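These protein sequence lines are chains A and B, in that order.
Position 156 (the first sequence) corresponds to 156 in UniProt numbering; numbering is contiguous.
Position 262 (the second sequence) corresponds to 262 in UniProt numbering; numbering is contiguous.
Certain hints may be false.
[As the list claims (entries may be wrong)] Which chain B residues face chain A? A few, computed with CB under 10 Å, are given here:
#1 ARG152
#2 LEU308
#3 ARG312
#4 ALA331
[Claimed, not checked] Estimated spans, in silico, between C-beta atoms of each pair:
#5 A:ASP271 to B:LEU288: 32 to 42 Å
#6 B:LEU288 to A:GLY238: 15 to 25 Å
#7 B:ARG188 to A:GLY238: 47 to 57 Å
If you are wondering where the hints come from, they were derived from the structure by calculation, not from laboratory data.
Nothing here was measured: the structure is a model prediction, and the numbers come from that model.
Every residue, glycine too, gets a C-beta built ideally from N, C-alpha and C.
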Amino acid sequence: MATEDARYRQSSQYRLWSFSPSHLQSLREKTNSLAISHISNRLRASSPPVDPLPDFLTPADEALLLNFYIVDLLRAAQFCDLPTEIQATAAIFFRRFYLTNSLMTYPPRALTMTCIFFACKAEGLYYRLQKFADKFPGTTGEEVLAAEFVLCQGLRFAFDVRHPYRALEGAIMELRRLGDFDESRLARAHQRTRDVLKLSPLLTDAYFHYTPSQIMFGALSMADEGLLQRLLRDAFAGKSESAKNQVLDVIQSCRAMLEKEPPERRTSYWDGSGSKETMKPLNKKLRKCRDPDRVDLVALQKARREQALQKAKAKTTTREESDIFGASNGKIEDEEREAKRRRVVGGGDLLGPPL
Amino acid sequence: MSRKPVTNGSTVVRLPTGPTTALPSDICPVCKRVRYLNTDMEFLINPECYHPMCSNCVSNIFKSGPAQCPYATCTKTLRQRGFRSAFFGDLAVEREVDIRRRVAAAYNMVEDDFETLRDYNNYLQDVEDLTFDLISGAEDERRAAEQKLLHREQEFRDEIERNKRRGREAELSRQKRDAADAEAARQRRLEEQREEARARAEEATINAEVMEALARGEPGSAAEIQARIVAQNRARVAAISGAHFTSLLDTGVPSGTSNTLSIRGLKTKKISEEEEDLSKPYDPFAGLGPALEPSRYKLHESYPNPWLDAARTHDDHRVPGYSISEYVTRAMFDAFAGLGVNIADEKKDVARGPGTLVAAEAAATNRVSERINVDDVFG
């Protein structure tokens, strides 16, 4: 077994955020069905109750909308002049978050801003909150921060995203060192692969199903198949042919996935000409079936803070039995759950009149 | 003598009792004479008891033979012969140095005498313990240590003598070696100077030839003539600079002596396993090093990459310590890490964390228990 693979298996990207296609599919379906049942409960409990329940989004709708919002996010990140890696990190954060949360539960527009801002933090780029909020008219710093903790939870506190960009530089350096290809061919392939990597893997599930190195090789094979073969020949020199073919199969399937969203679509995405018509009805549908409790994340955040304050006072008198088991963490979680239950049952009066 | 000597058989003495162990500077504690009136007053001590007194007192009291120390409560019998001036102002230090000198003379073994380094270290530790007991141990400890030291001094006299002789020899040979090194360095310097002079002379002759050729009016421009003659003579110059080191070897010191000296200490020792572990250099990866070696690529010294040229040459990058090799290592690792990981296969039957297990259960029963929150993936 190669040591590089063993080291990659240690990463949180592999441990927490890699899935087989069927698993990913079932996860999305589960998330969707859970969200629907929650939201319908809440809608029924609200006053006045929404009687004919709205038409909910299907998993397929969500997938379409997700890509729409990721394009949005990429455009916003580009507008902020963020480096490619941070743009990609933001997009992957967004994608990962909406794997265990539904678009109907948390408003994607707010999460877009939070993801970009938090990706800057995660990648170690300092961006002043006020400056960031000022870039987008109608956005306040409070709104950007409101969903931050929820986002972290949704990411399972795994902030490390492994990208294929540096891998591409490594591969090109190796090819240049070998000296088998002329410079213009390499430069062309380099440029093309970079274009692919900037868009295609972010709009597909490549990050969930393939490792950065496989994504990079998949993109490279889209640009120039010969270069890929040359690199693999060296990498698997002295190993069995079947091992190499296995890897080649994985790379080919990755390539097939990347080719679904070729970089040529970028222009049509960016001016919104292609997607506007299909997205309009979906967005309209989304607006109707949103989670009534979580539309205003700022107010939700405030209510939570207040609750936590009240809890701190009441903590000593209630729940002595849970103290026996020590974990104050668990207690807070329990109480939070309790609060949420009450909120669901009591029609959200904790948040004031329904919005 | 009214005071009875206490016979405890101890030759290593306690310090004078008193508030300070410092050598007095002005007034003699015995005769109370003041330096102001006796400018050449000198204070002496006797290593029997380290009680300071002026030289006048010493000659007055002890001239006529051994007498008891004039200090009250001190029962030592002193002789004039034993008196000397203290080297250190602090008599505690003076005494410690004396004791250490004596212990070192008795316990004078070297590392080569021991089988393992650990044994040698243990020996050093024991000696130090004994020394400490002598210097600042309690009364009974000191006495025991004193006994041990006396025993050693008497029983192992031959061995001590032998070690001493060997130490002297080693010291002598070290001096010889140092002298030989210095001589070799001197020779080298001389040789270099000589070479330089030769090279300079050679250059002068070439220049002269060029001038001559110019004066003769040979065909071609001055630069061409010069280039031609220099090319002719280059071989000669190269021969000189190439001969630099071989000639040095010829004229150097006879190599026999320095060789035999330098191999001293290459004694084969039996080394236990533990000892061997300790003697190896520290490995931060605890033996994992080979496992971290890349298997799919070979990391080369440098890669052609125009993007990195700026980082290589500009002070903006170099001065703060940007490491190109670090970047290259990472890029190459990224390029090949996880290439053989087949996620679809490996994650086929991986159960997810508890959060989704509960979710899965809820989805299966098609009933949402109130404990589940969509936004709490760990719930």
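Structure-based check of each hint:
1. ARG152: Given a least distance of 58 Å, the restraint on ARG152 of chain B is violated.
2. LEU308: At 9 Å from the nearest chain A Cβ, LEU308 of chain B passes the 10 Å test, so the hint holds.
3. ARG312: Where the cut-off is 10 Å and the nearest Cβ of chain A is about 13 Å from ARG312 of chain B, the hint is violated.
4. ALA331: 3 Å, holds
5. A:ASP271 to B:LEU288: 32 to 42 Å: Given a distance of about 53 Å, which is not inside 32 to 42 Å, the answer is violated.
6. B:LEU288 to A:GLY238: 15 to 25 Å: The hint (15 to 25 Å, Cβ to Cβ) holds, given that LEU288 of chain B and GLY238 of chain A are roughly 23 Å apart.
7. B:ARG188 to A:GLY238: 47 to 57 Å: At roughly 50 Å between Cβ atoms, GLY238 of chain A and ARG188 of chain B fall inside 47 to 57 Å, so the hint holds.
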